[in-house]
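Respectively, the protein sequence lines represent chains A and B. Going by the working numbering, the first residue of the first sequence is number 1, and it counts up by one from there. Going by the working numbering, the first residue of the second sequence is number 1001, and it counts up by one from there.
Check the hints yourself; a few may be wrong.
Lysine-lysine pairs mimicking PhoX-like chemistry, simulated, CA-CA at most 25 angstroms apart [unchecked claim]:
1) A:Lys179 x A:Lys208
2) B:Lys1008 x B:Lys1021
3) B:Lys1268 x A:Lys223
4) A:Lys273 x B:Lys1268
5) B:Lys1276 x A:Lys208
6) B:Lys1082 x B:Lys1072
7) B:Lys1126 x B:Lys1137
8) B:Lys1008 x B:Lys1211
9) A:Lys273 x B:Lys1126
10) A:Lys291 x A:Lys273
11) B:Lys1153 x B:Lys1126
12) B:Lys1130 x B:Lys1153
13) B:Lys1082 x B:Lys1058
14) A:Lys223 x A:Lys316
15) A:Lys208 x B:Lys1268
16) A:Lys208 x A:Lys147
17) B:Lys1072 x B:Lys1126
18) B:Lys1126 x B:Lys1260
19) A:Lys273 x B:Lys1211
20) B:Lys1209 x B:Lys1137
21) A:Lys157 x A:Lys147
22) A:Lys223 x B:Lys1082
23) A:Lys147 x B:Lys1276
24) A:Lys223 x B:Lys1126
25) B:Lys1153 x B:Lys1211
26) B:Lys1260 x A:Lys273
27) B:Lys1058 x B:Lys1021
28) B:Lys1008 x B:Lys1058
29) A:Lys273 x A:Lys223
30) B:Lys1130 x B:Lys1082
Hints are computed from structural coordinates only; laboratory data are not their basis.
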Amino acid sequence: MSLLLVEGLEMHFPVRGGVLNRVVSHVHAVNGVSFQVQRGETLGVVGESGCGKSTLGKCLVRLHQPTGGSFEYDGVDYSHSNHSELMEYRSRVQMIFQDPYSSLNPRLTIRDCLREVILFHETNYVERGGVREPIDADELILELVRKVGLREDSVDKYPHEFSGGQRQRIGIARALACKPEFLIADEPVSALDVSIQAQVLNLLMDLKDEFGLTLIFISHDLKVIEHFCDRVLVMYLGSIVEEVPCELLHESAQHPYTQALLGANPINHPSEKRELTVLEGDVPSPFDLPKGCAFAGRCPIVEPRCREARPPLETKASGHRSACFLID
Amino acid sequence: MSTQQAAKPVLQVEHLSTCFKTDQGVVTAIDDVSFELFAGETLGIVGESGSGKTVTSKSIMRLLSEHLSFQKEGSVVRFEGKNLVTATEDEMREVRGARIAMIFQEPMTSLNPVFTVGWQLDEALKYHTKLDRTERKQRAIEMLELVEMPNAKRRFDEYPHQLSGGMRQRVMIAMALCCEPDILIADEPTTALDVTIQAQILRLMDELKSKLNTAIMLITHDLGVVAQTCDRVLVMYAGRVVEAAPIAQLFDAPRHPYTKALLGSIPKSGRREHGKRLPTIEGLVPSLFDLPPGCRFAARCAYRDDHCDAVEPDLTPAGPQREVRCHYPLEAPEAN
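Using the sequences and the hints, build the whole thing.
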């Protein structure tokens, strides 16, 4: 059984306007997204800005209340659960945010920041012979700080005293403080320099092995996803257009959008120099979605029927789903 | 490129050092940077944040505050026989925008939100050309068409907020190119953009380069972009140029340990290295306030010894068109 089962998840944000401040339209950020995550795997979510990948991540920890669809975690539907169930869920599923500058409270030292999580989720208790015994929260804090590769004497510093990479490590420590099973990492390395990016990716890889974590890794960088993840969901304008194992990304990915992303990715070495695939135009507005395929307006192989109906996400091979009329 | 190398460079930067006055004292952001730029070539400047890439470009354009920064004695930016470091503000105004143009990183903040696209394009033409109003408008629309702006005529009267990120960057490029400059300085032109839009902009810059024979200085942290577009590369670290080389040689045989480590730490596409640990550069870039006496990369270098900690290496020639700042440059592989 899969650990996370997402069924037709939708997130439509109302847009208000006019004199009476009525809802005039909706931003269709996520449109009926369905997928599964198996225990212990790393699922990548890739797409351009505005494709709904961050909104999807936030819906899955209920930072947004999804407007449609549902998700089940470990067999329980948490998409409409009450507050106490949600808190229990969030002690198992945690999120790492993109911007290490704005996602830490500037007025809390690292110790206070981590202690807050530990005390709230009561991770400073151990079961000994059926009895819950408290352990020293400071011990846990130091252990966490060591785990993410920061110096122990940094616990009494404030976020502004750290570099971007170090702050991202603090963000990871905070996510791990409640001993979660599942991490949703929203662009965790995008704000970092390449050499620091590699350090943080290695750290995530080590922690995943050590704690047996399951991960959803959201990124716009296909190279990072390819390196880090087992499977990738390619999103475009709020929908999944292709799902493919990372190993087969280059061989079997067929959706023209995935192809375009692969082709637009800068090369590894000047000897591989080629014409970059250039898609004309921009992503359509999420206010009024096209009737047919969302990608039809930029697709190099578009046919009239693509503009009439939306292609369903069909299974092409084991672990490979694709939403396009023109591939088989 | 070899034919153009023999020609005279359009821009010569010699011993350029820029210092900032801060509360904690004077800090040297770029130290003794020298390079040449030739017509029709793309020179990449790569480095991590804080390595001095942007300060280099802003020093050339003299866009840094004169109250907060200064250039050290002996800094020369030679352009058409003039030294831009000591040029007057009036002389600079003739150069900026008209002869050397710049594209900035954030197309969102570098356009003025209260004026139309057309007004902003017109401004540069008004200062630098003798065209009359209708001619200027015609020229501005031509430029928008040249950068493949959809509906150029309509966009002329629109405001920046009505455009997407990619379109705003096109406007920036159109503004930069409308006086047909000799040099285009592009400071992270695609960093804020999505990959598919990045591909559009890179192709556009490449086409314009061959059409107008402009020399491009491309500042970026993305080695993939460098591999795709540049002819030569300067690698900067903590305010110093640590390596300069033609593009293929830099990727095939980096001579400086930092370059090698930097190239190693990027995930490669299509190499089936899934799940492997990435080679990293441990540690952090040294603070410019507290630079080591020796090599600035020594603390993170796998090849360092006591000599590296004590004496800073000079930038020394290492083969044709190559320079490296290291006591123990990595071996070049056998010529093949």
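Hint check:
In summary, the hint linking Lys179 of chain A to Lys208 of chain A is supported, as the alpha carbons are separated by about 12 angstroms, within the 25 angstroms threshold. Only pairs whose Cα atoms come within 25 angstroms are accepted, and Lys1008 of chain B paired with Lys1021 of chain B is rejected, the gap being roughly 35 angstroms. The hinted pair formed by Lys1268 of chain B and Lys223 of chain A meets the criterion: a straight-line CA distance of about 6 angstroms does not exceed 25 angstroms. For the hint pairing Lys273 of chain A with Lys1268 of chain B, the CA-to-CA distance comes to about 14 angstroms; that is within 25 angstroms, so the pair holds.
With a C-alpha separation of about 13 angstroms, the suggested pairing of Lys1276 of chain B with Lys208 of chain A holds against the 25 angstroms cut-off. Restraint check for Lys1082 of chain B and Lys1072 of chain B: satisfied, since their Cα atoms lie roughly 17 angstroms apart, inside the 25 angstroms limit. A hinted pair counts as satisfied when its Cα atoms are at most 25 angstroms apart, and Lys1126 of chain B with Lys1137 of chain B qualifies at roughly 10 angstroms. For the suggested pair Lys1008 of chain B and Lys1211 of chain B, the alpha carbons sit about 20 angstroms apart, so the restraint of at most 25 angstroms is met.
Using a Cα cut-off of 25 angstroms, the hinted pair Lys273 of chain A and Lys1126 of chain B is violated, with the two alpha carbons roughly 40 angstroms apart. In summary, the hint linking Lys291 of chain A to Lys273 of chain A is not supported, as the alpha carbons are separated by about 38 angstroms, beyond the 25 angstroms threshold. Taking the CA atoms of Lys1153 of chain B and Lys1126 of chain B, the gap is near 19 angstroms; set against the 25 angstroms cutoff, the hint holds. Straight-line distance between C-alpha atoms of Lys1130 of chain B and Lys1153 of chain B comes to about 22 angstroms, which keeps the hinted pair within the 25 angstroms bound.
As the CA atoms of Lys1082 of chain B and Lys1058 of chain B are separated by approximately 17 angstroms, the hinted pair is consistent with the 25 angstroms bound. Under the criterion of a C-alpha separation no larger than 25 angstroms, the hint pairing Lys223 of chain A with Lys316 of chain A is consistent with the structure, at around 23 angstroms. Simply put, Lys208 of chain A and Lys1268 of chain B have alpha-carbon atoms about 21 angstroms apart, close enough for the 25 angstroms limit, and the pair holds. Between the alpha carbons of Lys208 of chain A and Lys147 of chain A the distance comes to roughly 12 angstroms, so the proposed pair stays at or under 25 angstroms and holds.
In summary, the hint linking Lys1072 of chain B to Lys1126 of chain B is not supported, as the alpha carbons are separated by about 35 angstroms, beyond the 25 angstroms threshold. A hinted pair counts as satisfied when its Cα atoms are at most 25 angstroms apart, and Lys1126 of chain B with Lys1260 of chain B does not qualify at roughly 47 angstroms. For the hint linking Lys273 of chain A to Lys1211 of chain B, the alpha-carbon distance of about 20 angstroms falls within 25 angstroms, and the restraint holds. For a cut-off of 25 angstroms, the pair hint linking Lys1209 of chain B to Lys1137 of chain B stands: about 23 angstroms separates their Cα positions.
Between Lys157 of chain A and Lys147 of chain A the alpha-carbon distance is near 17 angstroms, which keeps this suggested pair within the 25 angstroms criterion. Distance hint between Lys223 of chain A and Lys1082 of chain B is unfulfilled; the C-alpha atoms sit about 45 angstroms from each other, more than 25 angstroms. A distance of roughly 20 angstroms separates the Cα atoms of Lys147 of chain A and Lys1276 of chain B; the hinted pair therefore holds under the 25 angstroms criterion. With a C-alpha separation of about 45 angstroms, the suggested pairing of Lys223 of chain A with Lys1126 of chain B is violated against the 25 angstroms cut-off.
The hinted pair formed by Lys1153 of chain B and Lys1211 of chain B meets the criterion: a straight-line CA distance of about 23 angstroms does not exceed 25 angstroms. Among the hinted pairs, Lys1260 of chain B with Lys273 of chain A is consistent with the structure: their alpha-carbon atoms are about 20 angstroms apart, no more than 25 angstroms. A hinted pair counts as satisfied when its Cα atoms are at most 25 angstroms apart, and Lys1058 of chain B with Lys1021 of chain B qualifies at roughly 16 angstroms. Our distance criterion of 25 angstroms between C-alpha atoms is met by Lys1008 of chain B and Lys1058 of chain B, whose separation comes to about 23 angstroms.
At most 25 angstroms may separate the alpha-carbon atoms for a hinted pair to count; Lys273 of chain A and Lys223 of chain A meet this at roughly 17 angstroms. A threshold of 25 angstroms between alpha carbons decides the hint, and for Lys1130 of chain B with Lys1082 of chain B the separation of about 24 angstroms falls inside it, so the pair holds.
When each numbered hint is compared with the structure, violations occur for hints 2, 9, 10, 17, 18, 22 and 24.
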